[in-house]
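Chains as they are written, first to last, in my numbering: chain Y, 50 to 333; chain V, 220 to 954.
Please note that a few of the clues may not be correct.
FRET-style restraints, in silico, Cβ to Cβ [unchecked claim]: (1) 933/V x 207/Y: 38 to 44 Å; (2) 630/V x 114/Y: 26 to 32 Å; (3) 207/Y x 537/V: 57 to 63 Å; (4) 109/Y x 515/V: 55 to 61 Å; (5) 219/Y x 589/V: 49 to 55 Å; (6) 207/Y x 741/V: 47 to 53 Å; (7) 457/V x 109/Y: 47 to 53 Å.
It should be emphasised that the hints constitute simulated quantities derived from the structure, not laboratory data. Please read all numbers here as calculations on a predicted model, not as lab measurements. The beta carbon of each residue, even a glycine, is placed where N, CA and C say it ideally should be.
So you can see what is in the structure, the chains are spelled out below.
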Amino acid sequence: MSVSNLLENWAEFRHTHPVDDVPHDPYKWAMSIDLDACSGCNACSIACYAENNIPVVGKDKFEHGQVMHWMRIERYWPEDGREFPDQGATFLPMMCQQCEAAPCETVCPVGATNHTADGLNSQIYNRCVGSRYCSANCPFKVRYFNWYDYPTTENVWPAEMTQQLNPDITLRGKGVMEKCTFCVQRIRAGERAVKNEGRILRDGEVQTACQQVCPTGAITFGNLVDPESKVHQKWKAQQVELTADEQEKDKEEGGTDLRGYRILEELRPYPSVMYMERVRESAI
Amino acid sequence: MIDNNFDRRDFLKVLGWGGAAVALSGCGNTSVEDGKETVVSYVEAAEYVAPGISVYFNSTCAQCDAGCSISGRVREGRVLKLEGNPDSVINRGKMCGLGQAGVQHHYNPDRVREPLLRSGDRGEAITWDKAYALIAEKLNGVSGDQIDFLTGTVSGHTKALLGNYLESLGSKNHFVYEAVSPAVQRAANMKSYGMEMPRFNINKAKVVLSFGADFLGAWVSPVHFSQQYAEFRKGVDGQRGVLVQVESKMTLTGANADRWLVVRPGTEGILAMGVINALGVAGLSLSADVAAAVKPYDKERVSKDTGVSTESLVKLAALLKDRTPSLVLLGSAAEGYAHGSQNAAAINLLNQVLGNVGKTLEASAAVPFPQIAPTIGNTAALRMVNNRLADGQIKVLFTYGTNPVFTAPSEMKFKENLGKANFRVAFAHYLDETALQADLVLPLDSALEDWGTLVAEYQPEGVQISVQQPLMEKLHPETRGMGEILLSLVKQRQPESYKAFDDYYAYLRTAMLKNKSEFANSAMDDDVFWNGVLSAGIINVGGNLNKLSSKLSTNIQLPAPAEQDAKYPFTLIPSVTANLRDGRHANQPWLQESPDPLTTIVWDSWVEIHPKKAAELGIVEGDIIAIESKNGTINAQAYLFPGIHPDAVSIPLGRGHEAMGRYAKGYGVNPFQILDRVFDGETGELAMHETKVKLSKVGKRVIVVKDEGFAGGAQHGKKIAMTKSSDQVDLSEEV
Chain Y
50 MSVSNLLENW AEFRHTHPVD DVPHDPYKWA MSIDLDACSG CNACSIACYA ENNIPVVGKD
110 KFEHGQVMHW MRIERYWPED GREFPDQGAT FLPMMCQQCE AAPCETVCPV GATNHTADGL
170 NSQIYNRCVG SRYCSANCPF KVRYFNWYDY PTTENVWPAE MTQQLNPDIT LRGKGVMEKC
230 TFCVQRIRAG ERAVKNEGRI LRDGEVQTAC QQVCPTGAIT FGNLVDPESK VHQKWKAQQV
290 ELTADEQEKD KEEGGTDLRG YRILEELRPY PSVMYMERVR ESAI
Chain V
220 MIDNNFDRRD FLKVLGWGGA AVALSGCGNT SVEDGKETVV SYVEAAEYVA PGISVYFNST
280 CAQCDAGCSI SGRVREGRVL KLEGNPDSVI NRGKMCGLGQ AGVQHHYNPD RVREPLLRSG
340 DRGEAITWDK AYALIAEKLN GVSGDQIDFL TGTVSGHTKA LLGNYLESLG SKNHFVYEAV
400 SPAVQRAANM KSYGMEMPRF NINKAKVVLS FGADFLGAWV SPVHFSQQYA EFRKGVDGQR
460 GVLVQVESKM TLTGANADRW LVVRPGTEGI LAMGVINALG VAGLSLSADV AAAVKPYDKE
520 RVSKDTGVST ESLVKLAALL KDRTPSLVLL GSAAEGYAHG SQNAAAINLL NQVLGNVGKT
580 LEASAAVPFP QIAPTIGNTA ALRMVNNRLA DGQIKVLFTY GTNPVFTAPS EMKFKENLGK
640 ANFRVAFAHY LDETALQADL VLPLDSALED WGTLVAEYQP EGVQISVQQP LMEKLHPETR
700 GMGEILLSLV KQRQPESYKA FDDYYAYLRT AMLKNKSEFA NSAMDDDVFW NGVLSAGIIN
760 VGGNLNKLSS KLSTNIQLPA PAEQDAKYPF TLIPSVTANL RDGRHANQPW LQESPDPLTT
820 IVWDSWVEIH PKKAAELGIV EGDIIAIESK NGTINAQAYL FPGIHPDAVS IPLGRGHEAM
880 GRYAKGYGVN PFQILDRVFD GETGELAMHE TKVKLSKVGK RVIVVKDEGF AGGAQHGKKI
940 AMTKSSDQVD LSEEV
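For reference, chain V alone in the conformation it holds in the complex:
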């Protein structure tokens, strides 16, 4: 690490020089030989650039919203690889595959490189001045309530500036949309615990019972939870943690469970009530109203409804009673139904009955600066914007960090409704499906070229503000950072208030220095403080703890398991995979070629069918299956997957792009498109698991492109991947 006593901006200018030189002479296929390019000597190297020596700069991963702090390896002005920052309480030096691929977001050949103005069905490159002038012109005479922002999750100073810009426009219409988001759970947690996202201490639990929470894959803060999980497996007081996963389709977390319980889709809440009942039978004292509420859920009925054997239920209750503390988690598999809130309430009740609140589930800290605290997305926001568009209430729509044309169910007709706005501006990295519908596309810097701050929703210790700083000079001169654009836009409206800030960097630095006393000793020299912040890449502030309450609510209305629809006999489970999530990173080839952990399939979509069901239907691996819902049909290759309920089929989300770039377009299918329009009764969230489908063979068969060999995951008696039963090992003796 280089000392901090130099001017970083000068340094970056210097780096830019180095970067340009290396772009010519770096490894790869240069055309130096044919004289098209020149080799620049390093004999007089730029200051702070020692050829051949890597330096590491801390920044923040922006591949998801978990806020992992990263350390980028920079050599000769190029960022080469990202490592985790060991000082970050969120990721402690570790990363996930999605985060590793951040460099492919930055170096992606399909990034938008200049502002594009719609001209017929093509985009015409224009200057930034013209783009800003155009926005001003289009906003002229439009009242604030006709201007909407539809964004993904935002936090930090980008959010603060966005708020200021909206205020200057007189608009209150900021809608935050995330296609895959634990929004139902947040509402349920608010009711049960008095906060949306408490801290979960998997590492302190002896038993974790997870209702479909894929905390090792894509749920909330997977790198953090993976580390907790490793501690949990090593054991609390020498006793190895036991993971029981309840879901209808096996997730990565389910694949790591000691016991994976397959349930009939939608009956997670019934099972939770059944476990409380069984705990009562096993001798755990229940309060009178809880006992009354779970009385109807005796083990025979629960077993009949859920498909979980009475024996498993009794064993599970005994385990939970014996080994405390435990922790009960819930994820999308339990939330995604019309009664998702009720499922969540039942599962939270189980946590409370087990006495985990305050032990393995603790109060999280509140972000002390509300203007930079994260605004978390949900799907209800999409519904509202869609309705406003349909009613012609939106004249100008800005989209940022979200791709609703790709992720909205086709039945919502979002794409058509988008046409009703007069002027659509997309802040975009790629020409994705939404950007293609825009009138004006503003190209964004990559996360590795931009300044910013990010505050994660899930905070494991106090509050960590993750600082984002450029790891190298811009690749494309005509891209801009989101903060930079917002500053320019807000300057249009209020030039006086913002004239002190030449650029977003100046704004950010001033904003941070203003709160210096909150972060450090206020007597500290400004430059020392600021350089320290950039060097660390993170700021930790204590933050007061939210008040944890444990309010028992026994008013839980769980519907009987859904009868099988004669026309559409299968439940469609759109699965969220760790690498592709909602599809925003599908154009990163490492992610496309990284095999799905469970099926090992690459570069394509597939539909998971239980082998028994497939045999009934005469389906074999590679058969192209038409999956038809009320709202459309998609075709995907069949994969026979033992980890799924026979009445369900599953298709992963994230693929099936019609635009975006060379590595995304045309690979796979998009299950978002055929989702039924069913919403959770309480929160209005899209019920992702409520879609019913039927299957038919289209008479074509392909070879499934996958990593698993012809043995199909069998070891044929060889000792390759071995397992021991916990009573055969003594973990306390291990190093």
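Same shape as in the complex, but just chain Y:
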């Protein structure tokens, strides 16, 4: 897709998501994260570093907000003004929500970030010129900019550590934006493998690194348009519609007893990640 083609046919590219007349076929990758299972242990975040060649920036650059963690755990305290947080904290794994109408995509001056047919928000590193407009426009603040050339920065990957780097993924140089990809390298490898068998991926054949490691199984990942997939069933049971900016169940008076919701849905980015609310016991 050349840039001129992209610009000339912009309306058409924008049109495909998210509407019913052009359904995703055969894939729409999506997630469901159960906050009642998430313990906030950070295993997902470290697994993401291991899988995706994320640089460790060190204390000084962390202080300047230059940390690169694609997957981060946000910790929230209750805001009820009590002396102690006696119902604990809330942990929220936050990464790119792979929005169907992503605010980052519309503002990229060079079309470096755009939508794939299987519903991923992709980032093309060698097209990126580092304007950082996408990051400014992202309501979730999950895009990370390479302020330095980390592969040549001292103590980021000293000699031996380069051998750990995942060869399926490129190293990003200075001036490039990056973010969670839903482990696209695993998806593509899986697709290629099953193509030889003349079929499409079944549920569970591709796991993201964070999902695979999660000790409490809080993360479900899969193909939303596959009725057999867990993620499809979860979204359906929770009555969360990908193409809605306000869910029918939330319009009911008195609220709903379902836990599924999407963060900042009202901004109409149509996120591909559904969270399930944390639960706290009422009898104690």
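Starting from the known structure of chain Y, arrange chain V on it as the hints suggest.
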């Protein structure tokens, strides 16, 4: 997975070839362009190495002693990433962040690469032959009782060989030291249940009452318990499990509790007795002696002593009475006092009164081969070695898998006492604080290059022997596996008995084949059996169940809550975090940059102070605070933390290294150093929570480097991280 019908050792040689080639041409910054290195073509690839195709080999994670089985992704001879082995009953395909960082232990740039002999204050590289000859020379004429081994927890065939070596030296002095270890609890469990570590079935409990057991973070077998916890939350018979956590400083588990009860430090046992009393009041029938024992613990008194409201106490008792079975756990927060054993006894009594023994707390299996069963560490071992050193009873000291110079309270003067031994040998991965004091440093293979077996203390089903095998060729040619070194050393003493074993691999294989009938059909072909073992990475043996008893002991002497010390008004809680534990992995940068879950702080230490107390003292976030105990002072940045008792402050363990490597040295402070020398009355374990401190501002302020944004964990009315009350949801309808 590759078929098993090939010779694995040849395969590794082959892999070594591939590994060397890729080290040159793999991604990263090669100097191919300037002609310093060459690209090796894969046109004629080595057998079993298909360029671009990953293969997975099972092995065992050695980042802690939980024995999780892992599956390493290997491509072109390099290990890239570790995944959990789905067939392991301990971790069932899952891992923790600490385990993920195992590759950074392996590829660490600061590993020791050759044997080092002290020459003044420097280490001089020597050959292994010279190192072995030196050990033989130094041991010559030294009687067995003057030779000590101070190690971390050991199990498997390393332990067996270590035992054989000690026997050949005529020494019985193997001391096993773990700086953070539930040793008080083991002794209490032995008394209450007849075994040190029973099985805990969190997934079968409807209520879990945990007295400071951080089972989602750093307690015993966190990956296993995290999975149990997930089941527990989904519910037993459709009823979602309820977690109540009692502690003075919020742990990761406490942060996940339905109700987090903050108690005055040290009063956990009083609260447990109070709950029994309240259960009696609520109508649970108590035996006469239990009723008599808990009589003084009426709710008003307990509330006054612990700071937990009478209302919470009554609610908790009602919940425990209504929803059975429950499970009561205890962790370091309850153990770490001079009366830690009494706290533990009171908490175990609560479990017994609730009738949980045999339901959610079951018998564990005994390891059928005692010579490879784990020998578990405690802090009493350090005290004994320290006393022996001080008295000049140790001539030669070997240290392995432990860093006592870093973890011993400075008041024990361990570092000075170490100087009294004539010859100190450290088996080491890094030049850590202890290795720096050694005369001879022997460099070890990483866990991903070494052979071995590991048997975890906590066994959820039967007994799992986790097999460790190399996932790639050695990175550094002059490192050796611990088993390999021990075999060489024992060969010095008894060459005849061990001459059949060329190397540790041969020893291990022979040892396993010898017990083939225990593991599999004895008629099975040796190679088929052995390859099967390596392919699976684990061996499951049934193991007879230990005999579970439930002996009610009501002889519990709990002291009144400690009066506030006028000079040192705060209790110091040295907290154990999931990633850094006792600090042995502090040189792995992923762990340094992974935010602490509760404070989100990275790359540094901090002192947690309750916001109310901080306001009283005029302390704001980032103020550098001097934390002074009777035994020293450390300076740390203040973090205002709502999850802590106002009379306590907390500093995480694991940072504050003065050596070890570029990612560890100089980051943070080490609270081990200022601990008071107080011991548990019964077990002699170091009472980690007995240190009293005072705080003073040093007049400097820094920006706390942390992940949480300027909002400081507030959502400002946006629906971001949401919570529902359990009566508003119907979990049974969920998929």
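Hints, verified against the model:
1. 933/V x 207/Y: 38 to 44 Å: holds, 39 Å
2. 630/V x 114/Y: 26 to 32 Å: violated, 41 Å
3. 207/Y x 537/V: 57 to 63 Å: Once the Cβ atoms are compared, 58 Å apart, the range 57 to 63 Å for residue 537/V and residue 207/Y holds.
4. 109/Y x 515/V: 55 to 61 Å: Between residue 109/Y and residue 515/V, where Cβ atoms are some 56 Å apart, the hint holds.
5. 219/Y x 589/V: 49 to 55 Å: holds, 52 Å
6. 207/Y x 741/V: 47 to 53 Å: Holds: the Cβ-Cβ distance is about 49 Å, inside 47 to 53 Å.
7. 457/V x 109/Y: 47 to 53 Å: holds, 52 Å
Of the numbered hints listed earlier, the single one contradicted by the structure is hint 2.
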